[in-house]
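Just so you know, the sequences run in chain order G and A. Final position of the first sequence in my numbering is 1422; the numbers increase by one with none missing. Final position of the second sequence in my numbering is 300; the numbers increase by one with none missing.
Everything labelled a hint here was simulated from the structure, so no lab data went into it. These figures come from a predicted structure and were not determined experimentally. Certain hints may be false.
Said to hold, decoys possible - Pairwise CB distance ranges (calculated):
| id | chain 1 | residue 1 | chain 2 | residue 2 | range |
| --- | --- | --- | --- | --- | --- |
| 1 | A | D192 | G | P1314 | 44 to 54 Å |
| 2 | G | H1320 | A | R159 | 51 to 61 Å |
| 3 | G | S1365 | A | H95 | 44 to 54 Å |
| 4 | A | T300 | G | E1412 | 13 to 23 Å |
What the hints assert, rightly or not - Not the full set, but computed from the structure, chain A residues with beta-carbon under 8 Å of chain G:
| id | residue |
| --- | --- |
| 5 | K80 |
| 6 | T82 |
| 7 | I101 |
| 8 | N103 |
| 9 | D104 |
| 10 | M118 |
| 11 | L170 |
| 12 | M175 |
| 13 | D180 |
| 14 | A183 |
| 15 | N221 |
| 16 | E287 |
| 17 | E289 |
| 18 | D293 |
| 19 | L298 |
As the list claims (entries may be wrong) - Derived DSS-like pairs (lysine-lysine); straight-line CA-CA distance at most 30 Å:
| id | chain 1 | residue 1 | chain 2 | residue 2 |
| --- | --- | --- | --- | --- |
| 20 | G | K1410 | G | K1366 |
| 21 | G | K1366 | A | K145 |
| 22 | A | K134 | A | K228 |
| 23 | A | K89 | A | K269 |
| 24 | A | K247 | G | K1395 |
| 25 | G | K1363 | G | K1270 |
| 26 | A | K102 | G | K1363 |
| 27 | G | K1395 | G | K1292 |
| 28 | A | K145 | A | K247 |
| 29 | G | K1333 | G | K1376 |
| 30 | A | K123 | A | K134 |
| 31 | A | K199 | A | K145 |
| 32 | G | K1333 | A | K134 |
| 33 | A | K228 | A | K89 |
| 34 | G | K1395 | G | K1270 |
| 35 | A | K247 | A | K224 |
| 36 | A | K123 | G | K1366 |
| 37 | A | K102 | A | K267 |
| 38 | A | K145 | A | K89 |
| 39 | A | K80 | A | K199 |
| 40 | G | K1395 | A | K145 |
Glycine included, every Cβ here is placed at the ideal spot set by N, Cα and C.
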Amino acid sequence: MLHDMKPEDIAGDYQEITLNLFGNMTRKILYTQVETPYPDGKLIVSTTDPSGVITHVNQAFVEMSGYTKDELINSPHSILRHPDMPPAAFKDLWDTVQKGSKWQGFVKNLRKDGGYYWVKATVIPNVRNGKVTGYTSVRRKPSRTKVEECIKLYPTLF
Amino acid sequence: MSNLFTISPDFSPDRISGWYIFNTWFQKQTGEAIHLKMYDNFHSQIAAIKNDEIDLIYANPFDAAMLVREKGFLPLVKPFGKTDEAIIAVNAKNTVEDVAHLSPGIRVAVTEDPDVHLMGMIMLEPGDLDANNMNIDIYDTYVLVAKHLLRGDADVGIFLAEAYDDLSNMIKSQLKILVRSQISVIHHSLMIGPKLAGKRDEFQSLLVEMSNDAKGKGVLEGLGFDAWIGIEDEEMEFMIDLMDTLNT
Chain G
1265 MLHDMKPEDI AGDYQEITLN LFGNMTRKIL YTQVETPYPD GKLIVSTTDP
1315 SGVITHVNQA FVEMSGYTKD ELINSPHSIL RHPDMPPAAF KDLWDTVQKG
1365 SKWQGFVKNL RKDGGYYWVK ATVIPNVRNG KVTGYTSVRR KPSRTKVEEC
1415 IKLYPTLF
Chain A
53 MSNLFTISPD FSPDRISGWY IFNTWFQKQT GEAIHLKMYD NFHSQIAAIK
103 NDEIDLIYAN PFDAAMLVRE KGFLPLVKPF GKTDEAIIAV NAKNTVEDVA
153 HLSPGIRVAV TEDPDVHLMG MIMLEPGDLD ANNMNIDIYD TYVLVAKHLL
203 RGDADVGIFL AEAYDDLSNM IKSQLKILVR SQISVIHHSL MIGPKLAGKR
253 DEFQSLLVEM SNDAKGKGVL EGLGFDAWIG IEDEEMEFMI DLMDTLNT
């Protein structure tokens, strides 16, 4: 279950938009222009079930997203979905991993406080006894050059 | 028939005798004949694994996928409180303070240690650096990596964090850490091959209990850690998946 974002959680001036998410969900998003830099040397790790519901997060995920572990577990991974991310990127992600392949891309993620952080994300299907039991996503610090390219490219993909 | 046991070639040279003593202890406890064979490098060890010569291995996390998914190895235990982390360091006189300010064309000194190499390369990515725009020089030991940084014929060194921390204070005072990884879930593992699979539970409980016995505790000290922790299949699969995401 994904709740609308609340003004009291937001740090600074914000804009508002309603996003249509996977699974016929909608969510009111409140977002700011505040970037949190990706911490050096850390990986953000999460796993989801086959439908994209979060089943595991590491401490770096908790710290960067601004949510508590309890708020994240059992939430759809789209809790991180930022309105500046083109839907085509996530369609490509799902099409790729559902075929059993690895997906990699640069993603602008939304924080609970309305801010954002850029990551280089890799998602792979977890295959156990020949069956996909979920997906593991590992995010690492992106190159600023690649982020600048995405900042130019992504608005053209809507 | 004797079983062949081997250690990931990145073990600290100070621990060689510790591993032989561990092997003697393990043979006594299990009643199995086990011969410990050290390989000089990863290539020869991998060749032995591929040739189905190995029955028991203290494996580098980089090799875990191949061991589990191609060779049917099963995880037994991992050392308590000991994960593999990497450090990116430069000469202390270098004015660079951030990986993002390193330039293409730099000389990078590394060892053959595959998981540390992988973590190090990931930490260089934010500087738009990859194997195509760096000169990578491979050395036998981390002390040699440090030496080449001090001499100025390498710009950047990739270290196993533990090996860096073990360098003398004099060497460390002439180096500067740019990044230290904080990944926390990548670790070496003691694993058994298919021939010994039926002994898994017995071996695992012996190893987990090892720290509760005075003699066992002494043997563990020789390996440089306090206890073995059991590894479940899913934990190993998780680490393999994680390594897989990094290896791109």
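Evaluated hints:
1. D192/A - P1314/G: 44 to 54 Å: 46 Å Cβ-Cβ, so the 44 to 54 Å window holds.
2. H1320/G - R159/A: 51 to 61 Å: With Cβ atoms ~39 Å apart, the hint is violated.
3. S1365/G - H95/A: 44 to 54 Å: Violated: the Cβ-Cβ distance is about 29 Å, outside 44 to 54 Å.
4. T300/A - E1412/G: 13 to 23 Å: Holds, since T300/A and E1412/G (Cβ atoms, about 22 Å apart) stay within the stated range.
5. K80: 36 Å, violated
6. T82: Not OK, violated: T82/A not within 8 Å of chain G, min 29 Å.
7. I101: Constraint on I101/A not satisfied, violated at 22 Å.
8. N103: 26 Å, violated
9. D104: At about 23 Å, which exceeds the 8 Å cut-off, the nearest Cβ of chain G leaves the hint on D104/A violated.
10. M118: 15 Å, violated
11. L170: 11 Å, violated
12. M175: Since chain G brings a Cβ to about 6 Å from M175/A, closer than 8 Å, the hint holds.
13. D180: 5 Å, holds
14. A183: 15 Å, violated
15. N221: With a closest approach of 23 Å, the N221/A hint is violated.
16. E287: Since chain G brings no Cβ nearer than about 11 Å to E287/A, farther than 8 Å, the hint is violated.
17. E289: 7 Å, holds
18. D293: Status holds, d = 5 Å.
19. L298: 7 Å, holds
20. K1410/G - K1366/G: 19 Å, holds
21. K1366/G - K145/A: 41 Å, violated
22. K134/A - K228/A: Holds: K134/A and K228/A sit about 23 Å apart, inside 30 Å.
23. K89/A - K269/A: With a Cα-Cα distance of about 23 Å, the restraint between K89/A and K269/A holds, given a limit of 30 Å.
24. K247/A - K1395/G: 26 Å, holds
25. K1363/G - K1270/G: With a Cα-Cα distance of about 36 Å, the restraint between K1363/G and K1270/G is violated, given a limit of 30 Å.
26. K102/A - K1363/G: 29 Å, holds
27. K1395/G - K1292/G: Violated - the C-alpha atoms of K1292/G and K1395/G are around 35 Å apart, more than 30 Å.
28. K145/A - K247/A: 53 Å, violated
29. K1333/G - K1376/G: Since the Cα atoms of K1333/G and K1376/G sit roughly 12 Å apart, the hinted pair holds (cutoff 30 Å).
30. K123/A - K134/A: Holds, at about 25 Å.
31. K199/A - K145/A: Judged against 30 Å, a Cα distance of about 14 Å means the pair holds.
32. K1333/G - K134/A: 25 Å, holds
33. K228/A - K89/A: 37 Å, violated
34. K1395/G - K1270/G: 39 Å, violated
35. K247/A - K224/A: 45 Å, violated
36. K123/A - K1366/G: 22 Å, holds
37. K102/A - K267/A: 35 Å, violated
38. K145/A - K89/A: 42 Å, violated
39. K80/A - K199/A: 42 Å, violated
40. K1395/G - K145/A: 53 Å, violated
Hint compliance for this structure: hints 2, 3, 5, 6, 7, 8, 9, 10, 11, 14, 15, 16, 21, 25, 27, 28, 33, 34, 35, 37, 38, 39, 40 are not met, and every other hint is.
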